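The listed protein sequences derive, respectively, from chains A and B. Counting with our numbering, you get residues 1 to 596 for the letters of the first sequence. Counting with our numbering, you get residues 1 to 352 for the letters of the second sequence.
Keep in mind the hints are simulated off the structure, nothing from the lab. Just so we're clear, the structure is a prediction, and the values are computed from it rather than from any experiment. Treat the hints loosely; a few may be bogus.
Here are the simulated distance ranges between beta carbons [claimed, not checked]:
hint	chain 1	residue 1	chain 2	residue 2	range
1	B	Leu14	A	Gly394	52 to 58 Å
2	A	Asp526	B	Asp286	38 to 44 Å
3	B	Thr22	A	Glu233	58 to 64 Å
Cut-off 25 Å, straight-line C-alpha distance, at most; resulting in silico cross-link-like pairs (DSS-like, lysine-lysine) [said to hold, decoys possible]:
hint	chain 1	residue 1	chain 2	residue 2
4	A	Lys532	B	Lys8
5	A	Lys110	A	Lys14
6	A	Lys204	A	Lys264
7	B	Lys193	A	Lys499
8	A	Lys499	B	Lys159
9	B	Lys193	B	Lys6
10	B	Lys193	A	Lys435
11	A	Lys309	A	Lys264
12	A	Lys236	A	Lys272
13	A	Lys532	A	Lys14
14	A	Lys311	A	Lys236
15	A	Lys267	A	Lys278
16	A	Lys77	B	Lys6
17	B	Lys161	A	Lys549
18	A	Lys278	A	Lys206
19	B	Lys159	A	Lys435
20	A	Lys532	B	Lys193
21	B	Lys161	A	Lys499
22	A	Lys532	B	Lys6
23	A	Lys549	B	Lys159
24	A	Lys278	A	Lys301
25	A	Lys236	A	Lys465
26	A	Lys206	A	Lys110
27	B	Lys147	B	Lys162
28	B	Lys162	A	Lys581
29	A	Lys311	A	Lys206
30	A	Lys549	B	Lys193
31	A	Lys109	A	Lys186
32	A	Lys77	B	Lys8
Backbone N, C-alpha and C define an ideal beta-carbon position, used for all residues, glycine too.
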Amino acid sequence: MAVTDTSHPDYFHKVVDCQWACPAHTDVPEYIRLIAQGRFTDAYLVNRRSNVFPGILGRVCDRPCEPACRRGRVEEKPVAICRLKRVAADHKDEFRDRLPPIPTQKNGKKIACIGAGCASLTVANDLMPLGYEVTIFEQFAIAGGLMRTNIPSFRLPGPVIDEEVAAIVDMGVDLRLGHRIESMRKLLEEEGFDAVFVGSGAPKGKELNLPGRQEGAANIHIGITWLESIAFEHVKSVGETVLIIGVGNTAMDCCRSSLRLGAKSVKVMARKPRQFFKASEWELEDAEAESVEIVINRSPKCFVIEGGKLKGMLFDVMEYEVDAQGRITGERVTAEEFLPADDVILAIGQENAFPWIERDLGIEFDKWEVPKVDAVTHESTRPGVFFGGDAAFGPKNIIWSVEHGHQAAISIHQYCQGKPASERMAPGVNLQSRKMGMHEWSYNNDYSGIERRLVPHVSLKERFKNIDIEVELGFTAEQVVAEVQRCLNCDVQTVFDAKLCIECDACIDICPVDCLTMTPDGVEADLRTRLKAPATNVTQALYVSEPLKHTGRVMVKDEDVCVHCGLCAERCPTAAWDMQKSWVKWPHAIDQEVAR
Amino acid sequence: MTYIPKPKIAHPSLPRNELGLTRRDYEGSLSTLCAGCGHDSITAAIIEASWGISLRPENLVKLSGIGCSSKTTAYFVGGAHGFNSVHGRMPSIAMGANAANRDLYYIGISGDGDSLSIGLGQFCHAIRRNTDMLYIIENNGVYGLTKGQFSASADIGTKAKKGEVNQQPPIDPVLLAMNLGAGFVARSFSGDKAQLVPLIQAGLEYPGFALIDVLSPCVTFNDHEGSTKSYQYTREHYEPAVAADYVPFQREIKTDYGAGEAVPVMLHDGSRVLLRKLTEGYDPTDAHAAYDSVQQHIARGEYLTGLLHCRSTTDTEFHALNRSPDQPLNGVPFGKLVPGAKALEKVLARYR
């Protein structure tokens with residue numbers, strides 16, 4: 001195999017599975033170590049650099065990092081990364097004085113952002129320190145976008161949003177609340193902005209046009225619109241029996257909101273079996289803990305109306321054939337079932353909608369009415385107009401929107417400097433030894449066998465009293481101390497220098513998870529089978545050294561289940577192995593500016 | 001050494017042996033030897049070998065004397081019995097234990113100092129008596145524990161770390177053992193587990209005295225240029241002559257070797273050691289030819305390795321020769337084992 005090029009920025013980045021999985025590439029192990037040291041503000045700032053909203057994301061992030069976490073491969077449960085992020089946010093001190101200063105002398109460029117959600121706010125966060133004048137237009141009287149209107153306050157309290165939004169708005173953003181953009185043409189032609197960023201989200205809930213939909217309209221609600229009405233207190237009650245159609249994360253918010261508005265029986269109706277659910281496992285768990293019933297294999301057939309009023313819904317009972325790969329290969333209806341309902345909430349998806357963008361402005365849309373947007377630069381087909389967040393590629397999640405904001409900010413900066421948006425600073429990686437003495441490392445290298453801590457919740461008795469009661473309480477101090485030790489420090493890399501190796505086998509003998517092998521070189525497929533423990537996770541690259549000087553064999557490391565205990569480096573008599581912290585440099589607009 | 005013990009976490013696909021144990025279940029306590037010591041690799045090979053033949057930890061007895069090597073019995077098979085004896089006296093303890101209980105596996109770990117200097121007499125007599133044990137010499141050519149003086153196995157011309165040249169001739173444990181009639185004589189290298197692990201398995205199962213002289217570089221005092229027992233020198237002057245595979249009784253020999261290349265040597269229970277000649281014309285069953293060949297290689301400054309000599313010695317094994325009872329002493333009823341004063345009177349009366 002070719003010798004592994006560890007200077008390639010992706011190689012060690014991929015070893016830090018959580019950071020690699022995070023759309024914004026948050027340096028997770030670094031902030032967990034800072035929390036371990038009680039440096040909450042520092043931990044918050046490490047987060048904020050990448051994900052901008054640590055307090056919000058520490059509660060409601062989709063957490064792509066956790067399924068990726070290496071801990072989940074060596075034992076059952078990953079590190080509670082998301083909950084630790086909240087710890088940093090809850091316990092931080094004043095941090096605003098440590099954000100990049102905002103120049104009083106502006107650079108003369110004016111940027112408009114449409115929608116005060118996470119994408120637009122990120123663009124403002126990245127561009128304000130560079131001297132831009134950013135204006136955010138928001139249709140509602142309050143900023144926060146879908147974070148505010150679609151996530152119930154028992155999961156994400158308003159004050160948490162207020163604080164993190166204010167940190168950006170107070171940079172001097174011109175936030176125009178209650179200002180809905182009705183015409184893109186007017187904005188482009190009359191307002192004099194140098195660039196426009198569209199971060200208006202995916203505000204249109206999908207409709208379910210079945211018989212009875214019109215007649216029962218008073219008691220049939222579109223999920224995200226309904227949640228929005230709850231957030232603005234337009235809706236304060238719901239019937240006793242509620243059916244939720246759909247089983248994504250919005251459905252979970254709808255069913256739990258129903259319980260708080262007075263529903264006694266709430267059923268979530270799923271067309272398919274559980275393995276096909278879109279909702280995150282933990283959101284399903286939280287809903288089920290509140291006695292929400294999730295009914296599988298029920299396909300909606302029609303709304304049942306009696307005397308002009310909704311009585312319930314009729315479902316087809318489905319049966320599926322699933323093949324060995326877990327794909328559905330056949331389906332059939334086995335029966336019909338009526339379920340009574342006072343209210344039905346449709347949570348079957350959402351899409352972006354741009355009735356306010358005239359189609360003759362040079363902003364092209366595809367046949368599904370989705371704008372044509374460059375996946376890297378976020379440019380539309382009209383120069384100076386950029387899209388990000390759910391508005392760009394359809395509904396994803398907050399953390400993706402934040403990363404879109406970062407990337408769009410780079411493009412806007414390039415555009416305003418008259419440079420192509422495709423000219424972007426490449427990611428980089430820095431390595432720094434963690435060796436302090438003979439057997440001393442500046443990180444806690446011992447493996448802790450502690451199991452994942454469970455976040456305490458408000459009791460089932462208390463939590464329904466008010467819709468604003470945050471259910472999750474956050475970790476206790478004791479839980480934090482335990483949970484931080486579960487992190488495997490995957491960013492402290494095992495770095496090998498073949499020239500120093502005397503092939504004594506010490507590292508191979510001591511490795512607790514059989515990561516290392518010295519063997520004659522071969523092609524990758526062959527090499528993977530010849531290792532001390534077969535390397536079956538082909539998504540994780542093998543670390544192959546240069547030929548060793550005594551025998552010409554190569555040192556091969558399978559990174560897959562390395563616990564970064566550093567024993568290979570401790571046992572190495574010649575320091576051929578060293579433990580080095582990898583700093584992944586994922587550039588933002590400010591880095592692009594500094595590099596100029 | 002390391003400052004933290006090897007974490008208990010293991011690779012998710014770690015295989016289990018017939019007893020349901022993983023390799024990790026055969027580990028011992030934290031090694032305090034220097035990082036990179038060859039002895040630690042031998043320890044790892046013993047762990048691998050014991051796991052591979054599904055040895056019950058409680059059926060193993062680990063014995064040692066004094067020295068770096070002799071510390072290592074603490075580092076493998078934590079569930080086994082152990083005895084750390086006086087310097088050079090491990091063979092006597094092994095003999096006594098084996099005489100009392102022939103049902104257990106005995107593994108003696110010694111070094112070139114423990115066996116070739118202070119314990120040379122004990123070593124020779126253990127071979128002479130054909131004690132049923134595996135005797136491993138972790139041979140590094142220096143006294144590591146006392147900071148690197150030449151040992152009795154140091155070659156003429158080898159250099160100490162500070163530059164002195166050794167002028168006294170070495171004692172070679174392999175030649176000595178063959179001379180004294182040992183039936184299982186092997187040499188190996190700590191850096192070659194592919195060779196060492198099957199040798200240890202065969203040696204544990206061999207009915208009689210089995211010697212493995214393992215070249216085990218001292219990373220602190222004898223791994224420099226000019227040393228004839230460094231990692232580099234050993235690798236450059238290393239010639240495998242015979243590979244040995246232990247084949248348990250139940251298992252069929254799968255011959256993927258050409259006919260005539262593989263020679264089986266039967267062990268007491270129908271198990272076999274399968275010898276594969278790697279050097280043309282080398283016959284490990286012919287003691288004289290093997291002796292000559294080893295000597296010639298030594299003269300050229302080369303290490304001939306593998307199971308250099310192997311023949312069945314079942315009839316001269318200690319218990320066979322002495323016609324001792326099958327029953328271990330701990331299984332003999334107390335009344336029979338200690339018949340009392342009256343029985344003693346009777347015995348004494350015979351001599352009056």
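Hint-by-hint comparison with the structure:
Checked against the hint of 52 to 58 Å, the C-beta distance between Leu14(B) and Gly394(A) comes to roughly 44 Å, which is inconsistent with it. At roughly 39 Å, the beta-carbon separation of Asp526(A) and Asp286(B) lies within the given 38 to 44 Å, and the hint holds. Checking the proposed 58 to 64 Å range against Thr22(B) and Glu233(A) shows it holds: the Cβ atoms sit about 60 Å from each other. In summary, the hint linking Lys532(A) to Lys8(B) is supported, as the alpha carbons are separated by about 18 Å, within the 25 Å threshold.
For the given pair, Lys110(A) sits about 38 Å from Lys14(A) by alpha-carbon distance, which is inconsistent with the 25 Å threshold. For the suggested pair Lys204(A) and Lys264(A), the alpha carbons sit about 28 Å apart, so the restraint of at most 25 Å is broken. Note on Lys193(B) and Lys499(A): the hinted pairing holds, with a Cα-Cα distance of about 22 Å set against a maximum of 25 Å. For the hint linking Lys499(A) to Lys159(B), the alpha-carbon distance of about 24 Å falls within 25 Å, and the restraint holds.
Straight-line distance between C-alpha atoms of Lys193(B) and Lys6(B) comes to about 20 Å, which keeps the hinted pair within the 25 Å bound. Between Lys193(B) and Lys435(A), the direct Cα distance comes to roughly 30 Å. Violation of the 25 Å bound is thereby established for this hinted pair. Among the hinted pairs, Lys309(A) with Lys264(A) is consistent with the structure: their alpha-carbon atoms are about 19 Å apart, no more than 25 Å. Of the pairs offered as hints, the one joining Lys236(A) and Lys272(A) is violated, with about 31 Å between alpha carbons and a cut-off of 25 Å exceeded.
Taking the CA atoms of Lys532(A) and Lys14(A), the gap is near 22 Å; set against the 25 Å cutoff, the hint holds. In summary, the hint linking Lys311(A) to Lys236(A) is supported, as the alpha carbons are separated by about 21 Å, within the 25 Å threshold. A hinted pair counts as satisfied when its Cα atoms are at most 25 Å apart, and Lys267(A) with Lys278(A) qualifies at roughly 16 Å. A C-alpha spacing of about 21 Å is found between Lys77(A) and Lys6(B), which places the hinted pair at or below 25 Å, so the restraint holds.
Our distance criterion of 25 Å between C-alpha atoms is met by Lys161(B) and Lys549(A), whose separation comes to about 22 Å. Proximity of Lys278(A) to Lys206(A) is assessed by CA-CA distance (about 15 Å); at most 25 Å being required, the pair is judged to hold. Of the supplied pair hints, the one linking Lys159(B) and Lys435(A) is violated, its CA atoms being roughly 33 Å apart against a limit of 25 Å. Taking the CA atoms of Lys532(A) and Lys193(B), the gap is near 12 Å; set against the 25 Å cutoff, the hint holds.
Annotation: proposed proximity of Lys161(B) to Lys499(A) holds, straight-line Cα distance about 22 Å (limit 25 Å). A threshold of 25 Å between alpha carbons decides the hint, and for Lys532(A) with Lys6(B) the separation of about 17 Å falls inside it, so the pair holds. Of the pairs offered as hints, the one joining Lys549(A) and Lys159(B) holds, with about 22 Å between alpha carbons and a cut-off of 25 Å not exceeded. Proposed proximity of Lys278(A) and Lys301(A) is supported: the alpha carbons are some 21 Å apart, at most 25 Å.
With a CA separation close to 13 Å, the supplied pair Lys236(A) and Lys465(A) stays within the 25 Å bound. Restraint check for Lys206(A) and Lys110(A): the C-alpha separation of about 35 Å exceeds 25 Å, so the hint is violated. Taking the CA atoms of Lys147(B) and Lys162(B), the gap is about 11 Å. The hint holds against a cut of 25 Å. Among the hinted pairs, Lys162(B) with Lys581(A) is inconsistent with the structure: their alpha-carbon atoms are about 38 Å apart, more than 25 Å.
Taking the CA atoms of Lys311(A) and Lys206(A), the gap is about 22 Å. The hint holds against a cut of 25 Å. At roughly 19 Å between alpha-carbon atoms, Lys549(A) and Lys193(B) fall within 25 Å of each other, so this suggested pair holds. Restraint check for Lys109(A) and Lys186(A): satisfied, since their Cα atoms lie roughly 19 Å apart, inside the 25 Å limit. A distance of roughly 17 Å separates the Cα atoms of Lys77(A) and Lys8(B); the hinted pair therefore holds under the 25 Å criterion.
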